[in-house]
Amino acid sequence: MSLEGSLAVNRFGLGARPGEVARASENPKAWLTGQIAPADQPLAADGTPFKSGAALVGDLLAYRRQRQAMKQANDPDQIKGFFKQQRQVLVDEMSARFDLGFTSARPFSERLVWFWGNHFTISTQNAGTASLAGAYEREAIRPFIAGKFEDMLLAVATHPAMLIYLNNAQSIGPDSRAGQMAKRGLNENFGRELMELYSLGVNGGYSQADVIALARLLTGWSIDAGGAANAGPFARLLQARFTKDDAPADPGLSSGFRYFPNRHEPGTVNLRGKTYPDGFSGGRQAIHDLAHDPATAHFIATKFAVHFIADTPPPASVARLEKTFRDTGGDLGALAAAVVEDPAAWTPGPGKMRAPVEYITAAYRLLDLPQRQNAERQIQAAMQACRLMGQFPMAAPSPKGWPDQSQDWSGADAVLSRIAFARQLSSRLPQNFTIAKVTQLADGALGPRLEAATRSAMAGAGDAGEALALLISSPEFQRR
Amino acid sequence: MDMFRASRRSLLQGLGATTALCLWDAPLKFAFASVPGDRRLVVVILRGAVDGLAAVPPHGDKDYAATRGALALTIDGTAPLHDLDGLFGLHPALANLKSMYDAKELIAFQNICSPYRDRSHFEGQNVLETGSVKPHVISDGWLNRALTPMGLGDGGHALAVAQTPPLLLTGPARATSWMPASLPTPDAAFLARVKLLYAQDAVLSRSLEDALSLQSAAMIASDDPSDKKMGPGNAANLTPLFAGAGRLLSGNDGPRVAVLDISGWDTHINEGAADGALARRLAALDAGLDALKTALGPAWSKTAIVMATEFGRTARPNGSGGTDHGTGGASFLLGGAVAGGHVRAEWTGLSSAALQDGRDQPARSDLRSLFKGVLADHMGVPASALNGTVFPDSANAPTMTGLIRA
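Chains A and B, in that order, give the protein sequences. 479 is the number that numbering that gives the first Met the number 0 gives the last residue of the first sequence; the numbers go up by one with no jumps. 405 is the number that numbering that gives the first Met the number 0 gives the last residue of the second sequence; the numbers go up by one with no jumps.
Hint data in this document are derived by calculation from the structure and do not stem from the laboratory. Fair warning: this is a prediction, and the values are worked out from it, not measured in the lab. A few of these clues could be false.
[What the hints assert, rightly or not] Listed below are the simulated DSS-like cross-link pairs for lysine-lysine, each with C-alpha atoms no more than 27 angstroms apart in a straight line:
# : chain 1 : residue 1 : chain 2 : residue 2
1 : B       : Lys133    : A       : Lys399
2 : A       : Lys182    : B       : Lys61
3 : A       : Lys436    : B       : Lys194
4 : A       : Lys50     : A       : Lys147
[Unchecked claim] Distance ranges between label pairs, derived from CB positions:
#  : chain 1 : residue 1 : chain 2 : residue 2 : range
5  : B       : Ser98     : A       : Gln179    : 41 to 47 angstroms
6  : A       : Lys436    : B       : Asp37     : 51 to 57 angstroms
7  : A       : Pro276    : B       : Ala352    : 32 to 38 angstroms
8  : A       : Gln40     : B       : Ser98     : 52 to 58 angstroms
9  : A       : Ala451    : B       : Ala188    : 18 to 24 angstroms
10 : A       : Asp76     : B       : Lys103    : 46 to 52 angstroms
11 : A       : Asp76     : B       : Asp37     : 49 to 55 angstroms
12 : A       : Asp288    : B       : Thr77     : 47 to 53 angstroms
13 : B       : Ala352    : A       : Met180    : 27 to 33 angstroms
14 : B       : His135    : A       : Asp74     : 48 to 54 angstroms
15 : A       : Gly18     : B       : Asn269    : 50 to 56 angstroms
16 : A       : Asp249    : B       : Thr77     : 45 to 51 angstroms
17 : A       : Gly18     : B       : Arg279    : 50 to 56 angstroms
18 : A       : Gln430    : B       : Ala188    : 21 to 27 angstroms
[Claimed, not checked] From chain B, some residues computed to sit far from chain A (all C-beta separations above 10 angstroms):
#  : residue
19 : Tyr63
20 : Ala65
21 : Asp75
22 : Ser98
23 : Val136
24 : Gly150
25 : Gly152
26 : Ala286
27 : Ala338
28 : Ala352
29 : Ser364
30 : Asp365
31 : Gly379
32 : Ala382
33 : Ala394
34 : Ile403
Ideal placement from N, C-alpha and C gives every residue a C-beta, glycine not left out.
Modelling step: build the complete structure from the supplied sequences, incorporating the hints.
Okay, structure coming up:
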C-alpha cells in the first residue's frame, strides 16, 4: 500500500472500503482516471429506476390542481398525505444516493457528482423542489460529469427542479401576451444566480442591467404543466402551443422543460455587449456564451482546485485547470483528469477537513456498512447524523451551496459532533471485533497516512469500540 | 464564579470525577482567566435580504400603498400593522417587538445598509460580516476584531449559535460555537484520549478545547427538553436557538457575546403581506426574540441585540408576487439596555425619483454607524479601535449616539 494509493482513495475518493487502498496503490492515477465517465445511477430499494423528473413534476402539478378541491372539501388528511408522500420520494432518493456513496466502486465519480451537484445547487429547503431533488441530480448532473460544461449547464437550466428553485418557472415577460393579460412580470433570481454562482462568478463582468437582460432572455423557460395548465383563467394563454419558429428541438433540454413563447419578453436583448435574438434561441445562445466565457473557466477552475487540492490552491494549479477547461471547450472529464495529474493534489500533509457527508460516508465505507440485513435502518442513521452535523445533500441554505473550506466544518460544536458520531457508531460493535482488527482496518483504510499517535492510542484503548472511535475521531480520518 | 464551580462539580460527578480531572484542567484555566463586564451583546444576521418595507412599513407615506401594491400592509383590517409613529409601523407578525418598542426597548432603522451597493447576497453578506467597504478584502469578522478591545479577547466569551462560527465571529480572538440539537456527548475519559490525538492538529485541538469549555454551561442551557426537538432541519421554529443563546448568556460567567444566523428571507416569490411566507418567518423571529428575552432573565436589562441583513429589496413587487434584490432596508436594535421607542430614518419617500436606480429602497445611513454606536456605548470599545482595526475606512460612517441607556 502506497501513500499515493491512500491519497487517491481518501482525497479524491470517499474513504476506503476494505481492500480499496491496496487496489488503488497498484496505479493510483489510473485507478482514478478509469472512473471518469458518466456516473452510476442510484436505484430504488427494489432495484428499479426512480421516476423521471417530468413524471414527478406531473405528480406535483396534479396535486396543485386538486388542492383547491381538497381545501374546499376541508380534508386536511389528504393534504397531509400528499406532503408525506412527497417527503417519502425524497427520503427514498436520498437513501439510494447515500447507499451508492457507501458502496460505490467508483468513488471518484461520486465525488464529481457531489461537487457538481453542489456547484449547481438546488435546495430541498425549498419545499417545492423536495420531490425533484433526486431526479435533478440523476438527470442534470450524473450523465454530464465527464461531458461538456455547456451540456450540464443547459440540462440544469432547463430542469424543472432548478426552474422552480430559482423561480424562473414563474418569470414572465411583462410585455409578453401572458404578462399583459395576467399582470405578471420578470423575476430576476435565476438570471442573477446563473451568472454569479453557476458560470461567470461574481467578478466575471456583468451589471444589474445584464441580470435583467438574462432574466428577459430566459422568460418563458418553464415547466411542462401538462394537463394542469388547463386550470385557471389564463391557462390557455399561458399554455400557448409552440409556433414553428419557437419549438426548441435541442436534445439537451431536460425532460419536463417547456418553452412558452407567449410568456417570452418580445424583442432582441443586449447582454454583456452582445445582441441576442428574440425567442428561445436568444436564451439558448446566452447559455452557450456563458459556458464558454473565460471568466467561467477561471471561476470553475478555482472552485475545482479548492475542492480537490486545498482551501488556498497554488495559482499554478488553478491556471493549469483553467487552461484545460478553455482548451477543451469546457470538457469536464478532461478537467477531472487534469486535477488528478496536478502534483499539488498529491502533497501528503494534513488535507482538508471532510465535510460531514464525506466524513460519515468514509466511516461507513471503513466498516463496510450498511450490512445488508440492516441496510435501511443504518442508512437512516447516517442521514440523521448528517442532519445533526448541519449538512445534508441538496439541502444547502442558499443557492451558493454548501461551503467548501476546512474552517466551515471545524468549529467547536462541529468537532464535538463528529467525535460524538464516532463514539456512537463504535458503541455497538459485533462481539468478534477486537482491537487488533480495528488496527488492521486502520492500516487498510489509511495506509501510510495512519499516524503513530493514533496507532498507539488504539493499542491503549479499553476495548475495540473505543479503539474504533479513536480512529474515526483522529485527524487523519477527519481530513482527506 | 461560585455558581459556575458548583455546576462544573456536579457535571464532573456525573461523568466520574477521577478520569475527568486531567481533561478539565486546561479549559478551566483558559476560559475564565478574567471576569468580563456584565454587558451582553447579541448580533443576529438575517441572511437572505429582509424586505425592509415589509418589516418596518412606511404606511404613512403617500406613495406606500401604490408602490407596494399587493404587498401593502394596512393599519386596519383583520391583521393590522402595528403603528409606531404615524409614518412607520411594524409588520403585523412582530407583536413582541411592538411591546418592546412600547417599553422603549427597541429602535427601528430604515433606509440603512452596509456600504455594499451591488446586489449579490454573498458579496453583501461578506461586507456585512467583515466590516469592510468592499467584498473579500478582509478575511475575518468585525465582531471578532472587536472582542479584544471589549476585553473579551481571551476566549470563552463569544459564542455562535451554529456548528461553526460564521465569518462575523471568525478571526484572531477565540470564539466557540454551540447548537441545541446534537448527538450524545461522549464520556470525559474518551474525550481526554481524543484530545491527546489532536496535539499536532491546531485546528481540531482548539475547537475541541473550546467545545469542552462550554460543555458545562451548555448543559445548563439544555435543561429545557424542548431544545432537543430542534434539529437543523426544523427551520420553522427559531425559539430553541434563541432560548438556548439566552440561557448561555444569562450565566454570570458564561459568554457575553453571541451571534445567531437566521436565513430564509429571500422572498422572490409569493412573499405575502399580512400573512404568507414572509409573515411566517417574521413571526418565528418575533417568537425567538421573546424567548431570548425570557431566557436572559435579569440579564435582559444589560443586553443589546442588533439585527441586520445584507441589503433590502426592490420597493415594488416583482413579476411573481415577491421582491428582488435591492439596496437600503430595515434594521433593529433592541434589549433592556437600549434607549428605544423611536424610529431612525432619513426618509426620502417612495417616489420613483427617490428610489435607488428607480427601483430599490435607497440607503441613507450606514450599518457600520449603528454597529459602532453599539460597540462604543454598550461594550466600551474605544473610538481608536472602532475606526482602526474594527471598521477600517469607516470615517464616513460616523458613530451613532444615543442608542444605549445612560
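Evaluated hints:
Proximity of B:Lys133 to A:Lys399 is assessed by CA-CA distance (about 19 angstroms); at most 27 angstroms being required, the pair is judged to hold. In summary, the hint linking A:Lys182 to B:Lys61 is supported, as the alpha carbons are separated by about 23 angstroms, within the 27 angstroms threshold. Straight-line distance between C-alpha atoms of A:Lys436 and B:Lys194 comes to about 23 angstroms, which keeps the hinted pair within the 27 angstroms bound. A hinted pair counts as satisfied when its Cα atoms are at most 27 angstroms apart, and A:Lys50 with A:Lys147 qualifies at roughly 25 angstroms.
For the pair B:Ser98 and A:Gln179, the beta carbons lie near 46 angstroms from each other, so the given range of 41 to 47 angstroms is met. The given range of 51 to 57 angstroms is respected by A:Lys436 and B:Asp37, whose C-beta atoms sit roughly 55 angstroms from each other. Checked against the hint of 32 to 38 angstroms, the pair A:Pro276 and B:Ala352 passes, with Cβ atoms roughly 35 angstroms apart. Restraint check, A:Gln40 to B:Ser98: a C-beta distance of roughly 55 angstroms satisfies the suggested window 52 to 58 angstroms.
The beta-carbon spacing between A:Ala451 and B:Ala188, approximately 22 angstroms, falls within the hinted interval of 18 to 24 angstroms. In this structure the hint that A:Asp76 and B:Lys103 lie 46 to 52 angstroms apart at CB holds, the actual value being about 48 angstroms. As the Cβ distance of A:Asp76 to B:Asp37 is approximately 53 angstroms, the hint placing it in 49 to 55 angstroms holds. Range check, A:Asp288 to B:Thr77: about 51 angstroms between beta-carbon atoms, so the 47 to 53 angstroms window is met.
Distance hint check: the CB atoms of B:Ala352 and A:Met180 are about 30 angstroms apart, consistent with the given range 27 to 33 angstroms. Between B:His135 and A:Asp74 the beta carbon distance is about 52 angstroms. The supplied range of 48 to 54 angstroms therefore holds. For the pair A:Gly18 and B:Asn269, the supplied restraint of 50 to 56 angstroms holds, since their beta-carbon distance comes to about 53 angstroms. Distance hint check for A:Asp249 and B:Thr77: the Cβ-Cβ separation is about 50 angstroms, which falls inside the suggested range of 45 to 51 angstroms.
Between A:Gly18 and B:Arg279 the CB atoms are about 51 angstroms apart, so this pair conforms to the stated range of 50 to 56 angstroms. A:Gln430 and B:Ala188 have their C-beta atoms about 23 angstroms apart, which keeps the hinted 21 to 27 angstroms range intact. Separation of B:Tyr63 from chain A is adequate, the least Cβ-Cβ distance of about 20 angstroms exceeding the 10 angstroms criterion. No beta-carbon of chain A is positioned within 10 angstroms of the beta-carbon of B:Ala65; the least distance is around 15 angstroms.
For B:Asp75, the requirement that its beta carbon stay farther than 10 angstroms from each beta carbon of chain A is met, with the minimum near 26 angstroms. No beta-carbon of chain A comes within 10 angstroms of the beta-carbon of B:Ser98; the shortest separation is about 30 angstroms. With a closest Cβ-Cβ approach of about 12 angstroms to chain A, B:Val136 is found to remain outside the 10 angstroms limit, as its non-interface label requires. The claim that B:Gly150 lies off the interface holds: its Cβ sits roughly 21 angstroms from the closest Cβ of chain A, which is beyond the 10 angstroms cut-off.
Non-interface call for B:Gly152 relative to chain A: holds, since the shortest CB-CB distance, roughly 17 angstroms, exceeds 10 angstroms. Consistency note on B:Ala286: stated as away from chain A, and its beta-carbon is indeed over 10 angstroms from all of that chain's, at 20 angstroms minimum. For B:Ala338, the non-interface assignment is confirmed: its Cβ lies about 34 angstroms from the closest Cβ of chain A, beyond the 10 angstroms cut-off. The claim that B:Ala352 is not at the interface with chain A holds, since no C-beta of that chain comes within 10 angstroms of its own (minimum 18 angstroms).
The claim that B:Ser364 lies off the interface holds: its Cβ sits roughly 22 angstroms from the closest Cβ of chain A, which is beyond the 10 angstroms cut-off. Listed as outside the interface, B:Asp365 is consistent with that label: its C-beta sits roughly 21 angstroms from the nearest C-beta of chain A, beyond the 10 angstroms cut-off. The beta carbon of B:Gly379 sits about 26 angstroms from the closest Cβ of chain A, which is more than 10 angstroms, so the claim that it is off the interface holds. The non-interface label for B:Ala382 is consistent with chain A: the shortest C-beta to C-beta separation is roughly 31 angstroms, beyond 10 angstroms.
With a closest Cβ-Cβ approach of about 26 angstroms to chain A, B:Ala394 is found to remain outside the 10 angstroms limit, as its non-interface label requires. The beta carbon of B:Ile403 sits about 30 angstroms from the closest Cβ of chain A, which is more than 10 angstroms, so the claim that it is off the interface holds.
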